[in-house]
Structures are given as structure tokens and as C-alpha cells.
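If you're matching them up, the sequences are chains Y and H in order.
What the first sequence shows, in the numbering used here, is residues 1 to 275, in sequence order.
What the second sequence shows, in the numbering used here, is residues 1001 to 1204, in sequence order.
Hints may be right or wrong, so weigh each one.
Straight-line alpha carbon distances no greater than 30 Å define the calculated DSSO-like cross-link-like pairs of lysine-lysine that follow [what the hints assert, rightly or not]:
(1) Y:K69 <-> H:K1044
(2) H:K1044 <-> Y:K223
(3) H:K1072 <-> Y:K241
Covered stretches of chain Y, as calculated for chain H (at least 3 residues, CB under 8 Å) [unchecked claim]:
(4) 90 to 96
(5) 137 to 144
(6) 255 to 261
Rather than coming from a laboratory, the hints here were simulated on the basis of the structure.
Using N, Cα and C, we set each Cβ at its ideal position, and we do this for glycine too.
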Amino acid sequence: MTKSNVMEVPPKGGFTFDLCRRNTMLQQQGAKLPKFRKTGTTIVGLIFKDGVILGADTRATEGEIVCDKNCEKIHYLAPNISCCGAGTAADTENVTDMVSSQLVLHRYATGRESRVVTALTMLKSHLFRYQGQVSAALVLGGVDVTGPHLHAVYPHGSTDTLPFATMGSGSLAAMSVFESRYKENLTKEEGMEIVSAAICAGIFNDLGSGSNVDLCIITKARKEYLRNYQQPNPRSYSRSKGYDFKIGHTAVLSTKITQLRQHVQVLEGDAMEEE
Amino acid sequence: MSITSYNGSALIAMVGKNCFAIASDRRLGVNFQTIACDFQRIFKIHDKLYIGLSGLATDVQTMHQRLQFRHKLYQLREERNMRPETFASLVSAILYEKRFGPYFCEPIIAGLNDDGTPFICTTDLIGAKQLAKDFVVSGTASESLYGACESMYKPDLGPDELFEVISQALLASVDRDCISGWGGIVHVVTPDQVITKTLKGRMD
């Protein structure tokens, strides 16, 4: 058994597989692997006259329970490129962070604004290398010198280049909206309206998507991130009085108070003499 | 039988006005047999940063040791304590490194920033961070915990009221879960002091 170097200088990055044998043993003994946090999700993108609009819902689930009612699924890749992520939350976050860092280094090396196809190639080669085990389904969009681009990236590393794209468990609901309403050369307002309608279709019809609508509008000039652009699901069941617990209500066995700051008390002193 | 319900656990962290509270149950069991009623799940990283770890107890202890090691290295190199956001990113990176053979623990990180504002965050077992402005929960009783916190939580509570709310939420939830409970421990941290209280709960 090789000596694990886990306790030495922190490793330089990448995956380590030293617990795999133990975990397989536990699974063989009948234990079930716990559920990863997924972003059930509806994510969409569409190309309009001046650029790209990306949209996403904000629900994150752990099994059947909603663990985050307002998470962020639109990730930053570059000043002119953004990416929506569906699938296992840890995978989408880490793969987009990694490509974002690689793009910064690439910008320094080339001295140019990043192109969407560069991000696309970095993402697809990483995902293909792990043969779909890194479960990230992405909608990548941005505007570069060659114009606006929109791509859909699948967990095994294949990509599609499209004028409008949807991914995630709510993709069918969203695609129905796009297929009926999309046309070429939409204005920004029309585009935003169609994207929010598509996300809302996912929110109301798909169980894995919910809460609010996030939008990101990317044009040649700038990128606008509209967090919680629409909130069609306000909380309606709060008890108006709330719960009031009296101080001292809970039965306590022991109390320990640790002071963090030294309290300095001046007991005696003479006023300074004015010169 | 799921791996995380082998030992049983329940953890909450809540945000108050310039303070936070982090609470856990105290049971350590092996399936349905209880072994200890004083198991430590909440660990202090530095004066204003605490981490609670739920899940398989051996991984709880290993993760704590690794994180303490990394934080002490950081203190030696940077000559200061880690900020809560940085620590949360560190936890996330350490867990994601083991993406294909993970540690079976789900941490809750709670800390106070330098300006006194509280920070809480949880991650799943492979490091997907989830920041929250109100409360985060973890453990086998997590479904009850979500429900209890949703109804009992109020924003901007002072340290004393926050202690009451988090204790009631914890005790109510673990009473509905066979494999967690057997008392509770709560740490309420303000910029000036840390108040640690052990709770009297049902021992069944």
C-alpha cells in the first residue's frame, strides 16, 4: 500500500482517488452513496439582434428536497462570456471556475479578448477526458470579435452550436416556448420576454426547477447580469406573528462564556496636563 | 442503509444581527446502537470561525484534522487568520478533489467577517457551496430541520433570542429523527464573546 501523501504539502490540483477503495468496500456492504446536490434546472440561451441572452431558474435540489431556493446558475467565464450550468452542482461550479482561470491565462498569453470557441474547446476537452463522469451540462454564450455565439455542451463532451438552446430537466418545457416564439433578429426586449417565458415554463411545469428567473444579457458593449429578474413565487405562508421564544425558555445544562476581546477598564488616572 | 445515516447527525447554523449561532446534536451511534452522547461535531478553526461536520463520523474527524492542518499552515505563512469566505472555498476545494471517491461528510461553515457581519455556508459532500443569508442545515434530520428553521427563523435577532430560536429548531427536529439527538450544543458567537451552552433534550 503506497503511503498517502495527503498530509504533506497541499497537492497541486486535480482529482485524487485514494478513498475510492474504501468507498467501494462500503457500497459492497450495502451502504448507499449519499445524493449530490444537483441543479435540476431549466437553463436557456438565445441569440438576438445585438448579442446573446442567457436565462436560468434558481432552484438547487438534494434528492427530492430543495436545499437552495435562490442559487446562482449563471457563471462568469470572461468579461464577454457567461455560462449556465445544469447537472451536479459541484461539477458545474468547478468546471466553469477552472475554465475561467484558464481563460485569464490565455488572455495574458495572447493579449486579446477571449473568444467563445476557446471556452467551448476547453470545456469539451475536459468533459470528454472524464467520459461523462463530470456531470455538467452547460449553455455557453458570449459575444466576441467574430460576433455572438451560443453553444450547448453535454456531459460527455459533445457540443451543439445553435441560435437558441435549452438544457436541464426543464428543457422540454422551455424548448416548447422557444420553438413557438423564436424568430431571427429579435430586439432586446422581445428576447428578454421570450427567455423569461421559457424559464417560467420550466419553473411551473418541471419539478426540478423553481423559484426565480435570472437573466444575463451579453452584447458587444457590455454584459448585464439581472439577478432575480422575475420572482414569480413569493412566499405566501409566513405566520404573521412569527414565533416568539422567551429568553430562558430552553432548558440548558451548562453555559460557558469566552471573552474574545480584552476589556480594558481605566480605574484611576490623572488628566494630562495641557502645555 | 445510507452511509451518512450510519452514525446520525444534525447541524444548524443561523445568522443574527452581528452574530451567528451554530448548533449540533451530540449522539454518536453505530446504526441503531448509541455509543456516545458527547460527540463533538462543531470545531473551532479560529476565534471567529467554526465548522460543523455531519455524516460519517470517521470522515468528520479526518476532515477536521485536515482543515486544522491547512489553517495552521495558512496562519504560519500569512500571519493572520483565514476569512470565512476563503475557508469555505478551501473546504469546497478539498472536498471536490475527492470527487470520485468522496469524504462522506457535509460541512457547515459559520464565521464572522472582520467588520462583524456573519457568514454562513454549507456544501454537499463533493464541495458544491451554498451560501445563505438566513440559515443552513445538514445531517440525517435535515428535512425536519429545513421545516423547523423555515417557520421559526426571523432575521436580525440578538444573541439571546437567536440562541432560543436555534435551540428550539434543533430540538424539535431531532425529536423526529431516531438516529440523532441525545442532547445538543450551541455556540453563539458575537464580535466580543462566544457563549457555549449545552441543551437538555430527550435522551431517546
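Evaluated hints:
Between the alpha carbons of K69 (chain Y) and K1044 (chain H) the distance comes to roughly 29 Å, so the proposed pair stays at or under 30 Å and holds. In summary, the hint linking K1044 (chain H) to K223 (chain Y) is not supported, as the alpha carbons are separated by about 41 Å, beyond the 30 Å threshold. Straight-line distance between C-alpha atoms of K1072 (chain H) and K241 (chain Y) comes to about 46 Å, which puts the hinted pair past the 30 Å bound. Evaluation of the coverage hint for the stretch 90 to 96 of chain Y: fulfilled, as 4 residues show C-beta separations to chain H shorter than 8 Å, against a requirement of three.
Counting residues of the stretch 137 to 144 of chain Y whose C-beta lies closer than 8 Å to any C-beta of chain H gives 0; at least three are required, and the coverage claim is violated. Check on the stretch 255 to 261 of chain Y: 7 of its residues sit with their Cβ under 8 Å from a Cβ of chain H, so the three-residue criterion for coverage holds.
Figure legend: structure checked against the earlier numbered hints; hints not met, in rising order: 2, 3 and 5.
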